[in-house]
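Q: One letter stands for each residue in the lines below.
Number of protein chains: 2
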Amino acid sequence: MSELRWDPLKSNWVIITKGRGRRPQDFLQRRHKPEMTACPFCTGNEGKTPPEIYAHRPNDSQANQPGWQVRVIPNKFPALHIEGGLENNAEGLYDRMNGIGAHEVVIEHPDHDKAMADLTVEELSEVLKAYRTRMLDLRKDSRFRYIFAFKNFGVEASANVPHSHSQLIAVPLIPPLVATELATCREHFQRKERCLICDLLDQERQTRDRVVHDDGNFLVYAPFASSFPFELMVVPLEHSHDFTLQTDQQLLLLADTLRETLGRLRASLRDPPFSFILHSAPPMHLRWGRPDYWASLPSDYHWHIEIAPKLTNVAGFEWGTGFHMNPTPPEEAAEFLRNAEPTAIL
Amino acid sequence: MSELRWDPLKSNWVIITKGRGRRPQDFLQRRHKPEMTACPFCTGNEGKTPPEIYAHRPNDSQANQPGWQVRVIPNKFPALHIEGGLENNAEGLYDRMNGIGAHEVVIEHPDHDKAMADLTVEELSEVLKAYRTRMLDLRKDSRFRYIFAFKNFGVEASANVPHSHSQLIAVPLIPPLVATELATCREHFQRKERCLICDLLDQERQTRDRVVHDDGNFLVYAPFASSFPFELMVVPLEHSHDFTLQTDQQLLLLADTLRETLGRLRASLRDPPFSFILHSAPPMHLRWGRPDYWASLPSDYHWHIEIAPKLTNVAGFEWGTGFHMNPTPPEEAAEFLRNAEPTAIL
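Protein sequence lines correspond, in order, to chains A and B.
The first sequence begins at 1 in the working numbering and counts up one residue at a time.
The second sequence begins at 1 in the working numbering and counts up one residue at a time.
Careful: at least some of the hints might be erroneous.
Facing chain A, according to a computed beta carbon distance under 8 Å, are these residues of chain B, among others [as the list claims (entries may be wrong)]:
id, residue
1, Leu4
2, Trp13
3, Val121
4, Val178
5, Gln203
6, Glu306
7, Trp319
8, Gly322
Footprint (simulated), chain B over chain A, 3 or more residues, beta carbon under 8 Å [what the hints assert, rightly or not]:
id, segment
9, 51-62
10, 275-281
Residues of chain B placed beyond 12 Å of chain A at every Cβ, according to the derived structure [as the list claims (entries may be wrong)]:
id, residue
11, Glu3
12, Cys39
13, Ile53
14, Tyr54
15, His56
16, Lys114
17, Ala115
18, Ser166
19, Thr180
20, Arg186
21, His188
22, Gln190
23, Asp199
24, Asp214
25, Ser227
26, Ala340
Think of the hints as simulated: they come from the structure by calculation, not from any bench.
Note that CB positions come from ideal geometry on N, CA and C, so glycine has one too.
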């Protein structure tokens, strides 16, 4: 029997089509890996990219030369442009503004053949530090209302360059789904003086049906109303609204959790294409309400990473209704992932 | 320069990435057509499907036997099930209800090799009449809050059976995107005593940049803030909130417009995969406010068909933010489609 499930964070219903239940094997498919000669992201090819904005490299190595471990560059084909004003204006019933923003690429490792799941915990934590540094820097630009890191892995998830990389985008508006999460969290806090996501973590840790990983620092779980098969939330157990406030030590612990989680997905689903996105409180949020925000953490948002393997096609139904149809109940997905050996590949 | 555009109907911003502008040629790709032996939708194979719910067939032909022109059957693998109660209940912070609904298949033509764009105007109008009849019948079930017809064409748009068909779904909730359209239309009407979609039609007919087809009965245009390349709206110029109130004559005119529009897409984009969905006022809507709804048409919704070719991949960015990124400005898409010869295939 199919089931409709309500997501209190995303304020949406999802259809879990249990009768068509799908196990990891049903999603195994041949993966395409695009061939690429002279990859611009490889070490030695630094001259083929725009000059770097940030790099983690030894102090004696030169910018835009080999020796780096993580490198951040402007996207050569940016979706949003850094120069200019918004020139927000109306056109009859419509509105338009210039696509002002930042679009950066985080090259995660010099080695072309290493996927994110292959990085060591230390290497992965340097990628997370690059996110933190760039997010803090982009916040200085008052035109940007939201800054986020995300990653597409695999051609099916639109990663056109196979060399492992993620992206940073700054946009002049709070994205709709983030706005919804901010609103549901704020409403919950105003009513109950508790963080909605902290409450969700408590419930997930009590039932444990959907928990994939719990090391006392981070919880990884399949959301009750997952829109996609094997969708996951990675959430710090300690309340924090803002990813950029994480210490180096916390980013090491996150790297450890993320590495294990990506390893479990890879082992269960044979290196599936996936996307992940970092949801953190917007810079504006920090300025709302309280002058002491750096000292006391706002309680009405809780940063997290959302991971979605790309296993099913989104078609007319989802696009035309806003409903998602998910053939794998999250309890089953969590069980498969718990039982997976993070290092094995099927 | 990229541009952000506001859609007053969907209450959402879209990013038009003009700098990456893509012409129809950029989207041409090899289409997959699944091989199928013994297609259950073909005439002669009626016994391989569940018994028909509706058919357009000569009076002297028997149900579930050849002779039909359009045939509606229950989906053999339904996403939602017709039997049972909702059993709506809470589970801590979450809610769930049974996936009650109807899921029917409209087989559009007995011939396996005819696509919707190949049907004659009369044949296509019989498909639209099947939608109308089934929608009216499903409305009698008070558990259903919304009933809609949609179509996926092509494997890339998740049509697993190649024989031309569309689907009817009844759901126990108003879908989120429909709820948004109902809300934006209602708010506009309450403020201005005009229909939002009628106002949009007026603006589109004045500027004409985004108009693809205007025969005085139906307007086909690329929405100002199209989420996808070559997205189209097909809207009756005469205000009507409810598709099921359309006369046979109006459905013939719609069939003519739809046929031409699908022909233009086919000619421009070499038989692209696409989805379309019919948005009409929900049955509930008819009961809101006014007792005389059958006589006087509510002014705060306006039925229409939305068509989206499936040319790009939706990836991490869209999924994690709710923003869509569209590389083809709708003015360019409309120009390509206006210049296409509806019957030619590239």
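Q: Each of the hints needs a verdict: does it hold here or not?
A: Evaluated hints:
At its closest, the beta carbon of B:Leu4 sits 5 Å from a beta carbon of chain A; the interface hint therefore holds under the 8 Å criterion. Interface hint status for B:Trp13: upheld, as the beta-carbon distance to the closest one in chain A is roughly 6 Å, under 8 Å. A hinted interface residue such as B:Val121 counts as satisfied when its beta carbon comes closer than 8 Å to some beta carbon of chain A; here the least separation is about 23 Å, so the hint is violated. Because the smallest distance between the Cβ of B:Val178 and any Cβ of chain A comes to about 7 Å, under 8 Å, the interface hint for this residue holds.
The beta carbon of B:Gln203 comes within 5 Å of a beta carbon in chain A, closer than 8 Å, and the hint placing it at the interface holds. Interface hint status for B:Glu306: upheld, as the beta-carbon distance to the closest one in chain A is roughly 6 Å, under 8 Å. For B:Trp319, the interface hint holds, since its Cβ comes within 8 Å of a Cβ in chain A; the closest pair sits about 6 Å apart. Among the interface hints, the one on B:Gly322 holds; its C-beta lies about 4 Å from the nearest C-beta in chain A, closer than the 8 Å criterion.
Coverage of the segment 51-62 of chain A by chain B is violated. Counting CB-CB distances below 8 Å, 0 residues qualify, and the rule asks for three or more. Residues of the segment 275-281 of chain A with a Cβ under 8 Å from some Cβ of chain B number 4, which satisfies the need for three, so the listed coverage holds. At roughly 5 Å, the least C-beta separation between B:Glu3 and chain A is not larger than 12 Å, which violates its mark as non-interface. Residue placement check: B:Cys39 keeps its beta carbon more than 12 Å from all beta carbons of chain A (closest about 20 Å).
Every C-beta of chain A lies more than 12 Å from that of B:Ile53, the closest at about 20 Å, which supports listing it as non-interface. Listed as outside the interface, B:Tyr54 is consistent with that label: its C-beta sits roughly 21 Å from the nearest C-beta of chain A, beyond the 12 Å cut-off. Every CB of chain A lies more than 12 Å from the CB of B:His56, the least distance being 23 Å, so the non-interface label holds. Distance to chain A confirms B:Lys114 as a non-interface residue, since its nearest Cβ pair spans about 20 Å, more than 12 Å.
Every beta carbon of chain A lies more than 12 Å from that of B:Ala115, the smallest distance being close to 16 Å; the non-interface claim holds. The Cβ of B:Ser166 does not lie farther than 12 Å from every Cβ of chain A; its closest approach is about 9 Å, which violates its non-interface assignment. Not every CB of chain A is more than 12 Å from the CB of B:Thr180 (nearest about 8 Å), against its label as outside the interface. With a cut of 12 Å on Cβ distances, B:Arg186 stays outside the contact zone with chain A, its closest approach being about 16 Å.
Not every Cβ of chain A is farther than 12 Å from the Cβ of B:His188; the closest lies at roughly 9 Å, contradicting the non-interface assignment. Every Cβ of chain A is farther than 12 Å from the Cβ of B:Gln190; the closest lies at roughly 16 Å, confirming the non-interface assignment. Distance check on B:Asp199: its Cβ comes as close as 6 Å (rounded) to a Cβ of chain A, failing to clear the 12 Å threshold; non-interface status is violated. The non-interface label for B:Asp214 is consistent with chain A: the shortest C-beta to C-beta separation is roughly 18 Å, beyond 12 Å.
Residue placement check: B:Ser227 does not keep its beta carbon more than 12 Å from all beta carbons of chain A (closest about 8 Å). A cut-off of 12 Å between C-beta atoms confirms that B:Ala340 is not in contact with chain A; the least separation is 22 Å.
When held up to the earlier numbered hints, the structure conflicts with 3, 9, 11, 18, 19, 21, 23 and 25 and fits the remainder.
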